[in-house]
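**Q** Protein sequences, first through last, are from chains A and B.
FYI, the numbering for the first sequence is 1 to 279, going by the working numbering.
FYI, the numbering for the second sequence is 1 to 279, going by the working numbering.
These aren't lab readings, by the way, just hints derived from the structure by calculation.
Honestly, I wouldn't trust all of these hints.
[Unchecked claim] Taking lysine-lysine and the BS3-like style, the derived pairs with C-alpha atoms no more than 30 Å apart in a straight line are:
id: 1; chain 1: A; residue 1: K259; chain 2: B; residue 2: K140
id: 2; chain 1: B; residue 1: K59; chain 2: A; residue 2: K268
id: 3; chain 1: B; residue 1: K130; chain 2: A; residue 2: K178
id: 4; chain 1: A; residue 1: K258; chain 2: B; residue 2: K59
id: 5; chain 1: B; residue 1: K169; chain 2: A; residue 2: K169
id: 6; chain 1: A; residue 1: K268; chain 2: B; residue 2: K130
id: 7; chain 1: A; residue 1: K178; chain 2: B; residue 2: K169
id: 8; chain 1: B; residue 1: K259; chain 2: A; residue 2: K258
id: 9; chain 1: B; residue 1: K178; chain 2: A; residue 2: K59
id: 10; chain 1: B; residue 1: K150; chain 2: A; residue 2: K185
id: 11; chain 1: A; residue 1: K178; chain 2: B; residue 2: K113
id: 12; chain 1: A; residue 1: K59; chain 2: B; residue 2: K187
id: 13; chain 1: B; residue 1: K187; chain 2: B; residue 2: K144
id: 14; chain 1: B; residue 1: K178; chain 2: A; residue 2: K130
id: 15; chain 1: A; residue 1: K178; chain 2: B; residue 2: K59
id: 16; chain 1: B; residue 1: K130; chain 2: A; residue 2: K130
[Said to hold, decoys possible] Each pair of labels, with its calculated beta carbon distance range:
id: 17; chain 1: A; residue 1: L230; chain 2: B; residue 2: K169; range: 48 to 56 Å
id: 18; chain 1: A; residue 1: S71; chain 2: B; residue 2: E94; range: 31 to 39 Å
id: 19; chain 1: A; residue 1: R40; chain 2: B; residue 2: A60; range: 54 to 62 Å
Each residue gets a CB set at the ideal place from its N, CA and C atoms; glycine is no exception.
There are 2 protein chains.
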Amino acid sequence: MKPGRSSRVKEGKNRKPIGVFDSGLGGLTVVREIRKQLPRENIVYFGDIARLPYGIKSKAQIINFSLENVSFLLRSKVKAIVIACNSSSSAAFEVLKERSPVPVIDVIEPAAKLASAKSRAGRIGLIATKATIDSRAYEKALKKLNRDIKVFAAACPLFVSLVEEGWMKHPVTAQVVKQYLSPLKGKNVDTLILGCTHYPLLRSSIKRFVGKRVKLIDSAQPSVKELASLLERNGLSYTRARRGKLAVYLSDRPGNFKKIGERFLGEKIRRFSVVRVPA
Amino acid sequence: MKPGRSSRVKEGKNRKPIGVFDSGLGGLTVVREIRKQLPRENIVYFGDIARLPYGIKSKAQIINFSLENVSFLLRSKVKAIVIACNSSSSAAFEVLKERSPVPVIDVIEPAAKLASAKSRAGRIGLIATKATIDSRAYEKALKKLNRDIKVFAAACPLFVSLVEEGWMKHPVTAQVVKQYLSPLKGKNVDTLILGCTHYPLLRSSIKRFVGKRVKLIDSAQPSVKELASLLERNGLSYTRARRGKLAVYLSDRPGNFKKIGERFLGEKIRRFSVVRVPA
Chain A
1 MKPGRSSRVK
11 EGKNRKPIGV
21 FDSGLGGLTV
31 VREIRKQLPR
41 ENIVYFGDIA
51 RLPYGIKSKA
61 QIINFSLENV
71 SFLLRSKVKA
81 IVIACNSSSS
91 AAFEVLKERS
101 PVPVIDVIEP
111 AAKLASAKSR
121 AGRIGLIATK
131 ATIDSRAYEK
141 ALKKLNRDIK
151 VFAAACPLFV
161 SLVEEGWMKH
171 PVTAQVVKQY
181 LSPLKGKNVD
191 TLILGCTHYP
201 LLRSSIKRFV
211 GKRVKLIDSA
221 QPSVKELASL
231 LERNGLSYTR
241 ARRGKLAVYL
251 SDRPGNFKKI
261 GERFLGEKIR
271 RFSVVRVPA
Chain B
1 MKPGRSSRVK
11 EGKNRKPIGV
21 FDSGLGGLTV
31 VREIRKQLPR
41 ENIVYFGDIA
51 RLPYGIKSKA
61 QIINFSLENV
71 SFLLRSKVKA
81 IVIACNSSSS
91 AAFEVLKERS
101 PVPVIDVIEP
111 AAKLASAKSR
121 AGRIGLIATK
131 ATIDSRAYEK
141 ALKKLNRDIK
151 VFAAACPLFV
161 SLVEEGWMKH
171 PVTAQVVKQY
181 LSPLKGKNVD
191 TLILGCTHYP
201 LLRSSIKRFV
211 GKRVKLIDSA
221 QPSVKELASL
231 LERNGLSYTR
241 ARRGKLAVYL
251 SDRPGNFKKI
261 GERFLGEKIR
271 RFSVVRVPA
């Protein structure tokens, strides 16, 4: 049976891209996961590298930046938005959900759910930027799932710079990991949330320090699972194309960020456009 | 003899503040030096902490930001402007000088002059952000003074983050210093320019590594000397008040930057205003 007109119209609407934004290129780890779990979907990515990093800035400022980023994505007629940045999720998710005309997914609630499911002892570690830790967003999300969960948090301000410097396996990084994570080690956590999209690139250094017994949780996989179910629920999934298109927009020329961005994305960034946000 | 009317009018005009801007709070090292060399001058400082750091961003972007910062300072009727940021000086000095209705001082030419005067062997090291190094601004300034000078440059991307983390004397910092400065050590430089307003706070770690024989040059003292002579030349010096006022404007709430800002300034930051730039 050939599809009727209404079905074509519907698929046409679903062809609209998913909008993803981050303060920089770390959010490309989420894009990579979308391309794995939902390979046919079109994606528009915006990285605010002109104003990065967000994790050391105030909540009010992160909300301003995030609203501007969403306005930019909406001009591309996105059908849903993923906040692929923990600092922005923790500061701005509620505001964005309220103001956005399309559904919004954050990276914190899905990671919290997965961590809560994986932890046997209910002792969960969290490493993140200062903004994310200070917001207590993970703590609130975890406590909502299970009031008995104990959360032990440590801010790791240098991790983002170390990743951007490409020092993933440098001895200095091992030393910084030790310094930041030592207080958590004494707490007997059995699960550790990597609460920043940059941190999965430090996975091996972190794993080496905390030991194999501790499960590491990052946001990309559970957030995209949540996104898939949201699209499905709202009849917004796109299943026609072979492989979705990816458009990358940045608020500055990426310089040597491009190389690191490709490491996040797991594929070459063939084209990108530099745009001014706010316009 | 009592001053006549015209002299009073003139002094009134001179009471106008000196405008100083930086991407963050590092430029307060320059303010500290103004308060030392020119204690009676009023100062308006703007720190663009919402968009810091500049040193990893593109030249075009740094020029945009710098023009916006100058527009903000001009609204405070400043009589002269100091670009207290090496990344901004290297990218935007020419543009700002051309467009500003008041005289503009950068931090690169004065430091280059001092380094050239101090170096006996004409072998000068430079450490700075990637933006400053890539611009070759120091190299051009030094070669203009003396074509025979040899410049050996090393970008030190992690230094700013280490200072902001407060790890001035941390063993990790010593290790990072070693990694970045080792290539310079073999070059027999007798003078080393600290080409970023954050770096003077790492002076002791750097000194320990390069040895006492190497003269360390930072921009604050020579830039303010240049400013003093510029004010003098243009009849703009203000000599009436006991101690000038300092107004600090920031583009975001400073959070724990305040503490580090006070370290740069060498006095308490009693009051600051958060403003939106561009307005």
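**Q** Out of the numbered hints, which ones does the structure contradict?
**A** 8, 9, 10, 11, 12, 15 and 19
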